[in-house]
Amino acid sequence: MSVFLARRFVTFLITIFGASVIIFLLLEVLPGDPALTMLGVDAPESAVKAIRLELGLDRPAHIRYVDWIAGLFQGEMGLSYVYKVPVTELIGQRLQVTLPLAIGAMVVATLVSLSLGIFAATNHNRLGDYGVMGFSQLGLAIPDFWFGILLIILFAVILQWLPSGGFSGWDDGVWRGVRSLMLPVFTQALSLTAIMTRVTRSSVLEVAREDYVRTARAKGLSRRAALWRHVLRNALIPVLTIGGLLVATVVTGTLVIENVFTLPGVGKLIFDAISNRDLMVVKNVVLLFAAIVVVVNFVVDVLYAMVDPRIRVHT
Amino acid sequence: MALLSVDDLHVELQTNRGMVPAVRGVSFAVEAGGTLGVVGESGCGKSITALALMGLLPEGARVRGRIDLGGTDLLGLSEDEMCHVRGNRIAMIFQEPMTSLNPVHRIGRQIAEPLRLHRGLRGANARDEVLRLLDRVGLPDPAKRIDAYPHQMSGGQRQRVMIAMALSCEPDILLADEPTTALDVTIQGQILDLINELVDDSGMGLILISHDLGVIGETTDNVAVMYGGSMVEQGPTDSLFEHLAHPYSQGLFAAVPRVGERHDGPLHTIPGTVPELADLPPGCAFADRCAKASDVCWGPAPGMAEVGAAHHAACHHLGGAV
Numbered sequence: 050m051s052v053f054l055a056r057r058f059v060t061f062l063i064t065i066f067g068a069s070v071i072i073f074l075l076l077e078v079l080p081g082d083p084a085l086t087m088l089g090v091d092a093p094e095s096a097v098k099a100i101r102l103e104l105g106l107d108r109p110a111h112i113r114y115v116d117w118i119a120g121l122f123q124g125e126m127g128l129s130y131v132y133k134v135p136v137t138e139l140i141g142q143r144l145q146v147t148l149p150l151a152i153g154a155m156v157v158a159t160l161v162s163l164s165l166g167i168f169a170a171t172n173h174n175r176l177g178d179y180g181v182m183g184f185s186q187l188g189l190a191i192p193d194f195w196f197g198i199l200l201i202i203l204f205a206v207i208l209q210w211l212p213s214g215g216f217s218g219w220d221d222g223v224w225r226g227v228r229s230l231m232l233p234v235f236t237q238a239l240s241l242t243a244i245m246t247r248v249t250r251s252s253v254l255e256v257a258r259e260d261y262v263r264t265a266r267a268k269g270l271s272r273r274a275a276l277w278r279h280v281l282r283n284a285l286i287p288v289l290t291i292g293g294l295l296v297a298t299v300v301t302g303t304l305v306i307e308n309v310f311t312l313p314g315v316g317k318l319i320f321d322a323i324s325n326r327d328l329m330v331v332k333n334v335v336l337l338f339a340a341i342v343v344v345v346n347f348v349v350d351v352l353y354a355m356v357d358p359r360i361r362v363h364t
Numbered sequence: 005m006a007l008l009s010v011d012d013l014h015v016e017l018q019t020n021r022g023m024v025p026a027v028r029g030v031s032f033a034v035e036a037g038g039t040l041g042v043v044g045e046s047g048c049g050k051s052i053t054a055l056a057l058m059g060l061l062p063e064g065a066r067v068r069g070r071i072d073l074g075g076t077d078l079l080g081l082s083e084d085e086m087c088h089v090r091g092n093r094i095a096m097i098f099q100e101p102m103t104s105l106n107p108v109h110r111i112g113r114q115i116a117e118p119l120r121l122h123r124g125l126r127g128a129n130a131r132d133e134v135l136r137l138l139d140r141v142g143l144p145d146p147a148k149r150i151d152a153y154p155h156q157m158s159g160g161q162r163q164r165v166m167i168a169m170a171l172s173c174e175p176d177i178l179l180a181d182e183p184t185t186a187l188d189v190t191i192q193g194q195i196l197d198l199i200n201e202l203v204d205d206s207g208m209g210l211i212l213i214s215h216d217l218g219v220i221g222e223t224t225d226n227v228a229v230m231y232g233g234s235m236v237e238q239g240p241t242d243s244l245f246e247h248l249a250h251p252y253s254q255g256l257f258a259a260v261p262r263v264g265e266r267h268d269g270p271l272h273t274i275p276g277t278v279p280e281l282a283d284l285p286p287g288c289a290f291a292d293r294c295a296k297a298s299d300v301c302w303g304p305a306p307g308m309a310e311v312g313a314a315h316h317a318a319c320h321h322l323g324g325a326v
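Taken in sequence, the protein lines are chains P and B.
When you read off a place in the first sequence, starting at 1, and then add 49, the result is the number in the numbering used here.
When you read off a place in the second sequence, starting at 1, and then add 4, the result is the number in the numbering used here.
Just chain P, with the same shape it has in the complex (with noise of 0.2 angstroms):
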């Protein structure tokens, strides 16, 4: 296990590396110069060169890569161009924001698949399967920010039980905290259930048809106890593949959700940032996007091999 985690790790940094590598390339190449855009176009040559230098864009591309790689290794991440803050600051204070409302979705769409997945495996081929399905379904085919758009006319205008936007952060009570990401994080958990439920009812299908659950049947189990002895451990497989990668969907659809609920989270900032031209701030905060996605791969691998001892043998 120890030989498969230092691999993993191995890739891991590499990964970053390279994801680094591209950001910064990506960011050097695009139009959009960020003294001009801080500026306005009608500036004087020599103010642009004043601000240029001040944000040290007059040094060339290699040394400022190595710069920014540096001060990650040290915890920083630079200026942003616009606020004048360090960029961690920044982000460390969105992510209270967005940390929440990204594992709240990932869990409430968890819960909410397996359950509905396993229930329509179970009745499958009889209304309730075919129940799910249609929401599932439903739930493909609605985008993210007119269901978000919907839920804020029910539940904050109609029936005023929940705000329609924006968070004041936590220290008004955590209640309150909660109360303002309700609404963002169904929004977000919609299709994400909508997709795991999808790949959960799949999977139990195809492990409920082994050989093995077969034999435990002939052992005298019972349906259900083969189903929670023998299936759901086989059929979590796939779901686990699905979810990681999902992670990944959840990170980059914050932009729209906080855009639509108005939250200050790293989303709303990243957008902003790109906007004004704050380089400092997206390449850092796409750069952080990327490590989140690696890291949960990371841990779908580790989560992998728990489940499935084959696994721990290949690699």
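Please keep in mind that the hints were generated in silico from the structure rather than gathered at the bench.
Keep in mind that the hints are not guaranteed to be accurate.
[Claimed, not checked] Beyond 10 angstroms from chain B on every Cβ pair, some chain P residues (computed): (1) G67; (2) S95; (3) G141; (4) A205; (5) V300; (6) V348.
[Said to hold, decoys possible] Ranges between beta-carbon positions, derived for each pair: (7) B/R120 - P/L187: 52 to 60 angstroms; (8) P/L189 - B/D151: 39 to 47 angstroms; (9) P/R272 - B/E201: 29 to 37 angstroms.
[Unchecked claim] If we take Cβ atoms under 10 angstroms as the criterion, some of the chain B residues that face chain P in the derived model are: (10) V89; (11) R90; (12) M96; (13) S104; (14) V108; (15) R110; (16) P118; (17) L179.
Beta carbons: idealized from backbone N, C-alpha and C, even for Gly.
Following the hints, complete the assembly by docking chain B onto the known chain P.
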């Protein structure tokens, strides 16, 4: 009275072409310590018959007739009651040892499962019993192998584990569905010997399903030949092998190439293919592949007629075949 007697068993399976008869009026009996071989081509209904005995038919299947185990009609039992019978009074070994064990659980745990379920054994007691069973089925170094995962074992070892599992609660009847088909020839003999030995020791009844006539001939006291969901011939193994009454049995035996015998020309085959169960001809199911078929064969299906001591066959042309 026989330990297990099956009387006029019919099974219909749900397919996308509607309900299809897979087993049509099968009857047989197994005594305590007795062994019955069921032989026939793929799709003749032999595995479905076994699954019907276990109460593990696919969803939507319809079954009627009587399966009497020690005075209880298994078909009359509820699903809960059948759970107490399965793995306890009737146990089954399957064809594919590679896929019949759960890949994510250690084999010790898998063998202990019926012990916990039917005997209430737990913890160290269950583990001791599993070790004893593993030793009994001839798995080398049981203390080490008990914590192995299925993928760490060979096919033959896995089949021994399956046998240990099936034996765990000392069943009255052991169903073995092609237990050696997926194994190397050298391992096949070992597994068959093991099954034989266990049956002799325990006095349980054995139903051995196989398409391999050699396996059946070596292992069983009685043989039933199945075709198209029905039994076409049944009798004591010696008598049946000596004197094959049904044209299908004759064709089946003639199709086996014999070691040391030179064949000039093609091997012997039965013309045609096994009929789709949905398209069974009226009358005798074998009629359209049978060299002896005449008009009478397309009429009402022939009943079982005695052709020797306890030896029966279902054919309109038994006279000509003798």
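Going down the list of hints, with the structure as the test:
{"no.": "1", "hint": "G67", "in the structure": "holds (34 angstroms)"}
{"no.": "2", "hint": "S95", "in the structure": "holds (70 angstroms)"}
{"no.": "3", "hint": "G141", "in the structure": "holds (40 angstroms)"}
{"no.": "4", "hint": "A205", "in the structure": "holds (46 angstroms)"}
{"no.": "5", "hint": "V300", "in the structure": "holds (30 angstroms)"}
{"no.": "6", "hint": "V348", "in the structure": "holds (19 angstroms)"}
{"no.": "7", "hint": "B/R120 - P/L187: 52 to 60 angstroms", "in the structure": "violated (43 angstroms)"}
{"no.": "8", "hint": "P/L189 - B/D151: 39 to 47 angstroms", "in the structure": "holds (44 angstroms)"}
{"no.": "9", "hint": "P/R272 - B/E201: 29 to 37 angstroms", "in the structure": "holds (34 angstroms)"}
{"no.": "10", "hint": "V89", "in the structure": "holds (8 angstroms)"}
{"no.": "11", "hint": "R90", "in the structure": "holds (4 angstroms)"}
{"no.": "12", "hint": "M96", "in the structure": "holds (5 angstroms)"}
{"no.": "13", "hint": "S104", "in the structure": "holds (5 angstroms)"}
{"no.": "14", "hint": "V108", "in the structure": "holds (5 angstroms)"}
{"no.": "15", "hint": "R110", "in the structure": "holds (8 angstroms)"}
{"no.": "16", "hint": "P118", "in the structure": "holds (4 angstroms)"}
{"no.": "17", "hint": "L179", "in the structure": "holds (9 angstroms)"}
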